[in-house]
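Residue numbers (the numbering used here): 5 to 205.
Take these hints with a grain of salt, some might be off.
[As the list claims (entries may be wrong)] The following label-pair restraints were derived from C-beta to C-beta distances:
id: 1; residue 1: Leu-92; residue 2: Arg-189; range: 14 to 24 Å
id: 2; residue 1: Arg-117; residue 2: Gly-146; range: 22 to 32 Å
id: 3; residue 1: Ala-197; residue 2: Leu-28; range: 13 to 23 Å
id: 4; residue 1: Ala-197; residue 2: Ala-174; range: 18 to 28 Å
id: 5; residue 1: Ala-173; residue 2: Ser-147; range: 37 to 47 Å
id: 6; residue 1: Pro-80; residue 2: Asp-14; range: 32 to 42 Å
id: 7; residue 1: Val-79; residue 2: Gly-193; range: 30 to 40 Å
id: 8; residue 1: Ile-185; residue 2: Leu-88; range: 25 to 35 Å
id: 9; residue 1: Ile-185; residue 2: Ala-19; range: 23 to 33 Å
id: 10; residue 1: Ala-174; residue 2: Arg-78; range: 43 to 53 Å
Because the hints were derived from the structure by calculation, they are not lab data. Here a beta-carbon is modelled for each residue, glycine too, at the ideal position from N, C-alpha and C.
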Amino acid sequence: MPVPAVVSLDPTTYALFVLAAVTLIVTPGPDTLFVLSRGLEDRGLGLRAAGGVTLGILFHTALVVAGLAALYRRVPGAERAVTLVGGLYLCYLGLASLRSAGGDETPEEGGLRQGFLVNALNPQVALFFLAFLPGFAAGGGGSAIAALGGTYAALTAVYLGLVALAANAAARLLTADSTQIWLDRVAGGVLLALGGWLLLT
5 MPVPAVVSLD PTTYALFVLA AVTLIVTPGP DTLFVLSRGL EDRGLGLRAA
55 GGVTLGILFH TALVVAGLAA LYRRVPGAER AVTLVGGLYL CYLGLASLRS
105 AGGDETPEEG GLRQGFLVNA LNPQVALFFL AFLPGFAAGG GGSAIAALGG
155 TYAALTAVYL GLVALAANAA ARLLTADSTQ IWLDRVAGGV LLALGGWLLL
205 T
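Just need the whole structure built from these sequences, with the hints factored in.
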(Lines of atoms letter the chains of each structure in order from A and count residues from 1; the text may use other names and numbers.)
(Lines give C-alpha, C1' and ligand atoms only; values in the text may rest on other atoms or scores of the structure.)
Protein backbone atom coordinates (compact mmCIF):
# COMPACT_ATOMS: atom_id res chain seq x y z
CA MET A 1 0.00 0.00 0.00
CA PRO A 2 1.56 3.31 -1.07
CA VAL A 3 2.28 5.90 1.57
CA PRO A 4 0.20 9.08 1.07
CA ALA A 5 2.26 11.94 -0.28
CA VAL A 6 1.44 14.15 2.67
CA VAL A 7 3.25 11.71 4.99
CA SER A 8 6.47 12.44 3.13
CA LEU A 9 6.41 16.03 4.40
CA ASP A 10 9.31 16.48 6.76
CA PRO A 11 8.10 17.86 10.15
CA THR A 12 10.82 20.51 10.15
CA THR A 13 9.93 21.58 6.62
CA TYR A 14 6.25 21.69 7.54
CA ALA A 15 7.01 23.79 10.62
CA LEU A 16 8.99 26.21 8.47
CA PHE A 17 6.08 26.36 6.03
CA VAL A 18 3.64 27.21 8.83
CA LEU A 19 5.98 29.92 10.10
CA ALA A 20 6.39 31.39 6.62
CA ALA A 21 2.66 31.16 5.97
CA VAL A 22 1.74 32.94 9.20
CA THR A 23 4.23 35.70 8.42
CA LEU A 24 2.75 36.19 4.97
CA ILE A 25 -0.86 35.97 6.12
CA VAL A 26 -0.54 38.63 8.82
CA THR A 27 1.17 41.02 6.40
CA PRO A 28 -1.52 43.53 5.36
CA GLY A 29 -2.70 42.99 1.81
CA PRO A 30 -5.82 43.19 -0.37
CA ASP A 31 -7.57 40.27 1.37
CA THR A 32 -6.99 41.69 4.84
CA LEU A 33 -8.14 45.17 3.82
CA PHE A 34 -11.22 43.74 2.13
CA VAL A 35 -12.26 41.75 5.21
CA LEU A 36 -11.52 44.77 7.38
CA SER A 37 -13.80 46.95 5.26
CA ARG A 38 -16.60 44.40 5.42
CA GLY A 39 -16.16 43.93 9.16
CA LEU A 40 -16.54 47.66 9.71
CA GLU A 41 -19.98 47.43 8.13
CA ASP A 42 -21.28 44.26 9.77
CA ARG A 43 -19.86 41.34 11.78
CA GLY A 44 -21.63 38.64 9.78
CA LEU A 45 -20.58 40.27 6.52
CA GLY A 46 -16.97 40.39 7.69
CA LEU A 47 -16.94 36.74 8.76
CA ARG A 48 -18.52 35.66 5.51
CA ALA A 49 -15.96 37.69 3.60
CA ALA A 50 -13.19 35.90 5.53
CA GLY A 51 -14.77 32.57 4.63
CA GLY A 52 -14.98 33.60 0.98
CA VAL A 53 -11.31 34.54 0.88
CA THR A 54 -10.50 31.15 2.40
CA LEU A 55 -12.48 29.42 -0.35
CA GLY A 56 -10.55 31.51 -2.86
CA ILE A 57 -7.28 30.21 -1.45
CA LEU A 58 -8.51 26.64 -1.80
CA PHE A 59 -9.53 27.48 -5.38
CA HIS A 60 -6.03 28.72 -6.19
CA THR A 61 -4.52 25.67 -4.50
CA ALA A 62 -6.65 23.47 -6.76
CA LEU A 63 -5.41 25.43 -9.79
CA VAL A 64 -1.81 24.75 -8.78
CA VAL A 65 -2.48 21.04 -8.18
CA ALA A 66 -4.22 20.74 -11.55
CA GLY A 67 -1.46 22.65 -13.30
CA LEU A 68 -3.86 25.36 -14.46
CA ALA A 69 -2.20 28.19 -12.54
CA ALA A 70 0.70 28.04 -14.99
CA LEU A 71 -1.68 29.22 -17.72
CA TYR A 72 -1.41 32.73 -16.30
CA ARG A 73 2.21 32.68 -17.42
CA ARG A 74 1.67 30.90 -20.72
CA VAL A 75 -1.39 32.65 -22.15
CA PRO A 76 -0.56 36.21 -23.27
CA GLY A 77 -2.72 38.76 -21.49
CA ALA A 78 -4.51 36.23 -19.27
CA GLU A 79 -3.07 37.55 -16.02
CA ARG A 80 -3.81 41.17 -16.91
CA ALA A 81 -7.36 40.37 -18.04
CA VAL A 82 -8.24 38.65 -14.77
CA THR A 83 -6.57 41.45 -12.80
CA LEU A 84 -8.70 44.05 -14.58
CA VAL A 85 -11.88 42.11 -13.83
CA GLY A 86 -10.85 41.88 -10.17
CA GLY A 87 -10.10 45.60 -10.00
CA LEU A 88 -13.44 46.52 -11.57
CA TYR A 89 -15.27 44.23 -9.15
CA LEU A 90 -13.60 45.88 -6.16
CA CYS A 91 -14.51 49.31 -7.52
CA TYR A 92 -18.11 48.13 -7.90
CA LEU A 93 -18.19 46.96 -4.27
CA GLY A 94 -16.65 50.23 -3.13
CA LEU A 95 -19.24 52.32 -4.95
CA ALA A 96 -22.04 50.13 -3.58
CA SER A 97 -20.72 50.69 -0.04
CA LEU A 98 -20.56 54.44 -0.57
CA ARG A 99 -24.11 54.54 -1.93
CA SER A 100 -25.48 52.62 1.05
CA ALA A 101 -23.41 54.48 3.68
CA GLY A 102 -25.39 54.75 6.88
CA GLY A 103 -28.20 52.55 5.58
CA ASP A 104 -29.74 49.65 7.45
CA GLU A 105 -29.17 47.07 4.77
CA THR A 106 -26.37 44.63 5.45
CA PRO A 107 -26.21 42.10 2.61
CA GLU A 108 -24.60 39.33 4.67
CA GLU A 109 -25.45 36.67 2.13
CA GLY A 110 -23.13 38.40 -0.37
CA GLY A 111 -20.08 38.36 1.88
CA LEU A 112 -19.04 34.82 1.10
CA ARG A 113 -19.39 35.32 -2.64
CA GLN A 114 -17.64 38.68 -2.51
CA GLY A 115 -14.69 37.33 -0.53
CA PHE A 116 -14.30 34.41 -2.90
CA LEU A 117 -14.38 36.58 -6.01
CA VAL A 118 -11.97 39.15 -4.58
CA ASN A 119 -9.42 36.39 -3.96
CA ALA A 120 -10.19 34.24 -7.00
CA LEU A 121 -9.96 37.22 -9.36
CA ASN A 122 -6.43 37.97 -8.20
CA PRO A 123 -4.05 35.96 -10.43
CA GLN A 124 -1.13 37.10 -8.28
CA VAL A 125 -2.36 34.68 -5.61
CA ALA A 126 -2.24 31.79 -8.08
CA LEU A 127 1.22 32.77 -9.28
CA PHE A 128 2.41 33.14 -5.70
CA PHE A 129 1.12 29.69 -4.78
CA LEU A 130 2.67 28.30 -7.96
CA ALA A 131 6.05 29.49 -6.72
CA PHE A 132 5.53 29.01 -2.98
CA LEU A 133 3.81 25.67 -2.38
CA PRO A 134 5.92 23.28 -4.50
CA GLY A 135 9.08 24.44 -2.75
CA PHE A 136 7.79 23.02 0.54
CA ALA A 137 6.19 19.90 -0.95
CA ALA A 138 9.56 18.11 -1.11
CA GLY A 139 8.56 16.19 -4.24
CA GLY A 140 5.37 14.98 -2.59
CA GLY A 141 3.28 15.87 -5.62
CA GLY A 142 -0.30 17.08 -5.74
CA SER A 143 -1.35 15.58 -2.41
CA ALA A 144 1.41 17.36 -0.54
CA ILE A 145 0.66 20.64 -2.30
CA ALA A 146 -3.04 20.25 -1.47
CA ALA A 147 -2.20 19.62 2.19
CA LEU A 148 0.00 22.71 2.31
CA GLY A 149 -2.66 24.79 0.60
CA GLY A 150 -5.25 23.52 3.05
CA THR A 151 -3.00 24.51 5.93
CA TYR A 152 -2.55 27.98 4.46
CA ALA A 153 -6.32 28.30 4.03
CA ALA A 154 -7.01 27.24 7.62
CA LEU A 155 -4.50 29.72 9.01
CA THR A 156 -6.00 32.42 6.81
CA ALA A 157 -9.53 31.64 8.02
CA VAL A 158 -8.49 32.04 11.65
CA TYR A 159 -6.60 35.27 11.08
CA LEU A 160 -9.16 36.96 8.85
CA GLY A 161 -11.96 35.85 11.16
CA LEU A 162 -10.20 37.67 13.99
CA VAL A 163 -9.72 40.71 11.74
CA ALA A 164 -13.45 40.78 10.97
CA LEU A 165 -14.40 40.47 14.65
CA ALA A 166 -11.91 43.14 15.72
CA ALA A 167 -13.10 45.55 13.03
CA ASN A 168 -16.72 45.07 14.00
CA ALA A 169 -15.95 45.43 17.71
CA ALA A 170 -14.23 48.74 17.01
CA ALA A 171 -17.13 49.90 14.86
CA ARG A 172 -19.70 48.98 17.51
CA LEU A 173 -17.94 51.23 20.04
CA LEU A 174 -18.80 54.15 17.78
CA THR A 175 -22.56 53.92 17.59
CA ALA A 176 -23.53 57.43 16.45
CA ASP A 177 -25.33 57.53 13.10
CA SER A 178 -22.84 60.04 11.74
CA THR A 179 -19.96 57.80 12.78
CA GLN A 180 -21.54 54.77 11.08
CA ILE A 181 -21.90 56.75 7.87
CA TRP A 182 -18.23 57.70 8.14
CA LEU A 183 -17.20 54.08 8.73
CA ASP A 184 -19.23 52.93 5.71
CA ARG A 185 -17.53 55.59 3.62
CA VAL A 186 -14.11 54.48 4.85
CA ALA A 187 -15.00 50.89 3.91
CA GLY A 188 -16.11 52.00 0.46
CA GLY A 189 -13.00 54.11 0.02
CA VAL A 190 -10.76 51.16 0.91
CA LEU A 191 -12.47 48.99 -1.69
CA LEU A 192 -12.19 51.70 -4.34
CA ALA A 193 -8.50 52.16 -3.52
CA LEU A 194 -7.87 48.43 -3.84
CA GLY A 195 -9.73 48.31 -7.14
CA GLY A 196 -7.82 51.29 -8.48
CA TRP A 197 -4.53 49.75 -7.39
CA LEU A 198 -5.29 46.56 -9.30
CA LEU A 199 -6.37 48.48 -12.39
CA LEU A 200 -3.24 50.63 -12.44
CA THR A 201 -0.62 47.99 -11.64
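How the hints compare with the structure:
{"no.": "1", "hint": "Leu-92 - Arg-189: 14 to 24 Å", "in the structure": "20 Å, holds"}
{"no.": "2", "hint": "Arg-117 - Gly-146: 22 to 32 Å", "in the structure": "27 Å, holds"}
{"no.": "3", "hint": "Ala-197 - Leu-28: 13 to 23 Å", "in the structure": "21 Å, holds"}
{"no.": "4", "hint": "Ala-197 - Ala-174: 18 to 28 Å", "in the structure": "19 Å, holds"}
{"no.": "5", "hint": "Ala-173 - Ser-147: 37 to 47 Å", "in the structure": "39 Å, holds"}
{"no.": "6", "hint": "Pro-80 - Asp-14: 32 to 42 Å", "in the structure": "38 Å, holds"}
{"no.": "7", "hint": "Val-79 - Gly-193: 30 to 40 Å", "in the structure": "34 Å, holds"}
{"no.": "8", "hint": "Ile-185 - Leu-88: 25 to 35 Å", "in the structure": "31 Å, holds"}
{"no.": "9", "hint": "Ile-185 - Ala-19: 23 to 33 Å", "in the structure": "46 Å, violated"}
{"no.": "10", "hint": "Ala-174 - Arg-78: 43 to 53 Å", "in the structure": "44 Å, holds"}
Hint violations for this structure: number 9 only, all remaining hints satisfied.
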